[in-house]
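Dock chain S against the given chain R, drawing on the hints supplied.
2 protein chains.
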Amino acid sequence: MTAMRSESSSSDPPGVPLLPPSEPMSSDEVLDAWPVLSTSDRAEAFRLLPRDGAGDFFLGLRAADQLDLLLGMPAAEQRTWMRLLAPDDAADLVQAAKHEDRDRLLALLDDPTRREVTALMAHAEDRAGGLMDPRYARLRADMTVDEAVRYLREQLRERRHTLLYAYVLDAEQRLLGVVPFWQLFIEPGSARIRDIMKTDVVSVSEEMHEEQVAQKFGQHHLKALPIVDAEGRMKGVVTVDDVVDVVREAATEDIQKIGGVEALDGPYLEISLPRMLKKRVGWLSALFVGEMLTATAMGYFEREIARAVVLALFVPLIISSGGNSGSQASTLVIRAMALGEVRIRDWWRVMRREILAGLGLGAVLSVIGFARIMVWATVFHAYGDHATAVAITVGLSLVGVVMWGSLSGSMLPFLLRRIGFDPASACAPFVATLVDVSGLIIYFSVAAVILRGRLL
Amino acid sequence: MTAMRSESSSSDPPGVPLLPPSEPMSSDEVLDAWPVLSTSDRAEAFRLLPRDGAGDFFLGLRAADQLDLLLGMPAAEQRTWMRLLAPDDAADLVQAAKHEDRDRLLALLDDPTRREVTALMAHAEDRAGGLMDPRYARLRADMTVDEAVRYLREQLRERRHTLLYAYVLDAEQRLLGVVPFWQLFIEPGSARIRDIMKTDVVSVSEEMHEEQVAQKFGQHHLKALPIVDAEGRMKGVVTVDDVVDVVREAATEDIQKIGGVEALDGPYLEISLPRMLKKRVGWLSALFVGEMLTATAMGYFEREIARAVVLALFVPLIISSGGNSGSQASTLVIRAMALGEVRIRDWWRVMRREILAGLGLGAVLSVIGFARIMVWATVFHAYGDHATAVAITVGLSLVGVVMWGSLSGSMLPFLLRRIGFDPASACAPFVATLVDVSGLIIYFSVAAVILRGRLL
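One line per chain: the protein sequences are R and S, in this order. Residue 76 is where the first sequence starts when you use my numbering, and the numbers rise one by one after that. Residue 76 is where the second sequence starts when you use my numbering, and the numbers rise one by one after that.
One chain only, chain R, in its complex shape (with noise of 0.2 Å):
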């Protein structure tokens, strides 16, 4: 293992070590300086961990991650490592592969895994389907304890894999109940699995959004979930851990929208700074277009300014205020919405909370600004004769501006996703463009009434 370099990126052609080889770093060690390793150096400190810990490794890391490895070994090595994965996992390896890499790492498997893997990739990443693994414990209904257990065991044998909870099926592989593994252990052996196993079974189709499927696992606190078709047959589960990474995904999304960019498929520090431009430069255009109108709406109020310039000094303060209001709310109701807490219907109830909210917080806004402009008059006599004008001006402004952008920024998402938008991805630009010509409106046509005949 050559010393971490901190200026390496994946980019990087393989290096050649800068320093001596120093003792083998351990699997946690390995995870912590990950996102800063080269590939060469990624596939030098996998190889030299402990057996033992490789394993385990390995399966932790992400697909593309598995897959830079897995490329970089030798053929015989490749096998046994491929193997390792279970069919969810090898078909998020495959899915991440090059076109013409897919069927020599397919080719790597045993036929059945084959079978199971290439069923998965026909199914959409971010459906219920796309976190299903094939491999579960089944059972018939009119087994005994001590029979179920023999046949647990054959299938454990057969197929490793961790058991939560073993399915119970008819003959046409309709789900009957599940019975959790652990019950197998304290029934007498005689019992039927009829009697014991539950009936009232929570399970989710495999067309079931990613996310939904999280959703009922928060609400439920089960830690497998079957999946089965519309005709009530078993097709495979889905378990907790696959969903916390779609959880953090999904909300790592969330927020790149919310920040106004494009969701990035990596870590931060591993795309490619042309991929990141191309993520970034399509919302800030589309904004900075939007924005322009800002300069067609200080246009129509051009000669006001002409004659009372003192007013273009409080643009900025109003348009950011109408902004960051219009942000809180959008913000709250994005979340709320993806939590499930606030649907479609409930529109309403978010207007009427947002009007009040959006009063509340201008009538703070106004009253600071207001004293701010009458004590910068009175102290250091800013702002010419009409400061007092001016200052009422300002606070009715921003009781205005501020509810608002509530109000628009409560509502836009609800909009979004009524016409088929994601309300996260879309809601950032047209609330920032919408208030801010709408606040400058507002502004200059307080001004206008409170200022003619003064200033005006």
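For the record, the hints were derived by calculation from the structure and aren't laboratory data. As the structure is a computational prediction, the values presented were derived from the model and not from experiment. Do not rely on the hints blindly, as some may be mistaken.
The list treats identical chains as one, so a pair stands whether inside a single copy or across any two.
Said to hold, decoys possible - Heads up, simulated SDA-like pairs for lysine to any residue below, C-alpha to C-alpha not over 25 Å straight-line:
id, residue 1, residue 2
1, Lys-273, Arg-215
2, Lys-173, Arg-202
3, Lys-273, Glu-247
4, Lys-273, Phe-260
5, Lys-354, Leu-431
6, Lys-173, Phe-260
7, Lys-353, Asp-201
8, Lys-291, Ser-278
9, Lys-291, Asp-320
10, Lys-310, Ala-246
11, Lys-291, Arg-158
12, Lys-310, His-296
13, Lys-353, Ile-516
14, Lys-353, Thr-274
Leaving out everything else, chain S in the frame of chain R:
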């Protein structure tokens, strides 16, 4: 069950049913309607659930909702439901209760469980100890597999718990190894536990932050992790289903903080309006006070604006571009930090990246902005005789402002973490204020150079 009352909220007084009782709802229907049901409707819906599903339903609720249901039940029933909870969930429920109710709730438990729950309550909620289940299966290293199975069967009969792994302890309760439960099923009965156990055990400490625990699960793809103290003594286990909630809640908090809101401590629609205002008014006022510096900055350039009002027209466009690029950069860095992809020592790599990204993005916006002004000047004869000079001013400013936005947006999270703040919670306001104020200074400074002798 009364019909769903869309206007009810948790703060409503116990309501009179608006409609005659109809068909009982299924668990899934009740879960779906839960957020919009009043406390009394919830109790009623829960009472009418089929006995079979009610247990799972209760276990799947948030601690605060379990508490509400429990407090509305007759005393005899309270005992049954309270004893259904695992010790860590019981501890959460008790901690959700008012101080005066806690002793009464604890008294519902049997003696050993009460001792466990009281011990768990001593742990900070956001540490591994707060997620800990003190009930786990234990073995001795010198047992045979047959003895281990008998021993586990006794442990399970005494206190049921989900069985994933059996932990091998010595006489001082030190953790020696781990055996997956299914393995006991397939090993020969005479094999010794010490020969089949895995000794390279991944474990966590009681004091580890729950988000780090979640990262451990993500790295190792395990379904449970043992918690050991500084002396290597086993204290309990954390299971992956508890971690799903941790990941989801941590992401929600980060999203809310990025949106400029203090983390809400409950679903959006269930928080009272005054509480919601309190969560929002702090940051909004802080942002507002910070943004007042823009009025000060604009004040310095009042003479320039008076001479060339056209400059004022592009102020919102310039500062919003800086703000947007800053929020892109800070969002990406904050999330990458939360996921452990970027550490403090990576600041230099991030900085280099963001300077380049900022220059690239700024160049794109600059071209768009320049073109927009030139087209308007040509087609509508807007922006007076010096339109080209204005276009150059705006174009050059955009490169500087966007680069500065990306740079400060990416570096502030590092600075905040370095001095001990949560990067998510304080970043948005600082970036917005910093970028807006410095954006104005960049813009008017560029204008002073380009337009001197023309407009200024």
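Could you figure out if Lys-291 and Asp-320 sit no more than 25 Å apart (CA to CA) within one copy, between two copies, both or neither?
both (15 Å within a copy, 12 Å between copies)
Pop the pair Lys-173 and Arg-202 into one bin, within, between, both or neither, using alpha-carbon distances up to 25 Å.
within (22 Å within a copy, 42 Å between copies)
Given identical chains, is Lys-291 near Arg-158, meaning Cα to Cα at most 25 Å, within a copy, between copies, both, or neither?
between (31 Å within a copy, 24 Å between copies)
Given identical chains, is Lys-353 near Thr-274, meaning Cα to Cα at most 25 Å, within a copy, between copies, both, or neither?
neither (51 Å within a copy, 47 Å between copies)
For Lys-273 and Phe-260, with the copy left unspecified, which applies at a CA distance of at most 25 Å: within, between, both, or neither?
Both ways: Lys-273 and Phe-260 sit 16 Å apart in one copy and 22 Å across, limit 25 Å.
Reference check for the pair Lys-353 and Asp-201, CA-CA at most 25 Å: within, between, both, or neither?
For Lys-353 and Asp-201, only the intra-copy Cα distance (23 Å) is at most 25 Å; the inter-copy one is 38 Å.
Within, between, both or neither: how does the pair Lys-310, Ala-246 come out at a Cα-Cα threshold of 25 Å?
Result: close within a single copy only, 14 Å intra versus 45 Å inter.
Intra/inter-copy verdict for Lys-173 and Phe-260 if alpha-carbon distance must be at most 25 Å:
neither (46 Å within a copy, 40 Å between copies)
Give the relationship of Lys-273 and Arg-215 under a CA distance limit of 25 Å: within one copy only, between copies only, both, or neither.
within (13 Å within a copy, 33 Å between copies)
Is the C-alpha distance from Lys-354 to Leu-431 at most 25 Å within one copy, between copies, in both cases, or in neither?
between (37 Å within a copy, 14 Å between copies)
How do Lys-353 and Ile-516 come out at 25 Å by Cα distance, when the copy is not named: within, between, both, or neither?
So Lys-353 and Ile-516 fail the 25 Å test inside a copy (34 Å) and across (29 Å) alike.
Intra/inter-copy verdict for Lys-310 and His-296 if alpha-carbon distance must be at most 25 Å:
both (21 Å within a copy, 22 Å between copies)
The structure fails hints 6, 13, 14 (numbered hints given earlier, in ascending order).
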